[in-house]
Amino acid sequence: GAVVSQHPSRVICKSGTSVKIECRSLDFQATTMFWYRQFPKKSLMLMATSNEGSKATYEQGVEKDKFLINHASLTLSTLTVTSAHPEDSSFYICSALPTSGRLNEQFFGPGTRLTVL
Amino acid sequence: QKEVEQDPGPLSVPEGAIVSLNCTYSNSAFQYFMWYRQYSRKGPELLMYTYSSGNKEDGRFTAQVDKSSKYISLFIRDSQPSDSATYLCAMSAGSNYQLIWGAGTKLIIKP
Numbered sequence: 001g002a003v004v005s006q007h008p009s010r011v012i013c014k015s016g017t018s019v020k021i022e023c024r025s026l027d028f029q030a031t032t033m034f035w036y037r038q039f040p041k042k043s044l045m046l047m048a049t050s051n052e053g054s055k056a057t058y059e060q061g062v063e064k065d066k067f068l069i070n071h072a073s074l075t076l077s078t079l080t081v082t083s084a085h086p087e088d089s090s091f092y093i094c095s096a097l098p099t100s101g102r103l104n105e106q107f108f109g110p111g112t113r114l115t116v117l
Numbered sequence: 001q002k003e004v005e006q007d008p009g010p011l012s013v014p015e016g017a018i019v020s021l022n023c024t025y026s027n028s029a030f031q032y033f034m035w036y037r038q039y040s041r042k043g044p045e046l047l048m049y050t051y052s053s054g055n056k057e058d059g060r061f062t063a064q065v066d067k068s069s070k071y072i073s074l075f076i077r078d079s080q081p082s083d084s085a086t087y088l089c090a091m092s093a094g095s096n097y098q099l100i101w102g103a104g105t106k107l108i109i110k111p
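Protein sequences, first through last, are from chains X and R. When we follow the working numbering, the leftmost residue of the first sequence carries the number 1, and every step to the right adds one. When we follow the working numbering, the leftmost residue of the second sequence carries the number 1, and every step to the right adds one.
For the record, the hints were derived by calculation from the structure and aren't laboratory data. Being a predicted model, the structure only gives us computed values, none of them experimental. Heads up, a few of these hints could be off.
Stated by the list, open to error - In the DSSO-like style, the derived pairs of lysine-lysine whose C-alpha atoms are separated by at most 27 angstroms in a straight line are:
hint	chain 1	residue 1	chain 2	residue 2
1	X	K42	R	K106
2	R	K110	X	K41
3	X	K41	R	K106
4	X	K64	R	K42
5	R	K2	X	K42
6	X	K41	X	K14
7	X	K66	R	K42
8	R	K106	X	K64
9	R	K2	R	K67
10	X	K41	X	K64
11	X	K41	R	K42
Stated by the list, open to error - A short list of chain X residues far from chain R (calculated; beta carbon distances all over 10 angstroms):
hint	residue
12	H7
13	N70
14	S73
15	T78
16	L97
17	R102
18	E105
Heads up, the beta-carbon is just placed ideally off N, CA and C, and yes, glycines get one too.
Take the sequences, apply the hints, and build the full model.
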């Protein structure tokens, strides 16, 4: 149980294009999902907290107009990187917090590696 | 000073050894403590979840929390090459569900 999927697992795009990453909780409902960014050999950096049916809460320094987050259902959140540039290249990971479960227990997706040329 | 301190390593030990991984923290409000394992280019996988102080054992893994010292540990017995990964500690006060992460320790188990 508690499986989270991400799609795509890897994407390469040209500078200036937009990329959408999907995060799905496959066998549980998640009112809250999180989006992280991870640089090589570094820990996870929280970008935003996504709550179903409401606007996402972004961490300081994260541009909400560049990283659009939509959490339209209890099993799906999407992150769209708009007008991507090479500096946006990174490993993006989502996590989901089960609606019913242990407090603060997040389950993670496998990650999406974005490369912007 | 970071809220959570974790030695990034790498920590290299021979197969079969007992591994000790540690994190210290400064926020006395933390009550939920977790250890995640992350293989290269994969998402983190929850290994241990502990609330408040005490020990918790699951197979070859033991998690310890000492709130008086603000110190948590993860022990791995009979370490295997497949245990080679980065181990991240994470903790929370429980008020807003966000986790505060350690830097992660890279562990290498040599056959």
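- request: Hint by hint, work out which the structure violates, then give me just those numbers in ascending order.
  value: 8, 16, 17 and 18
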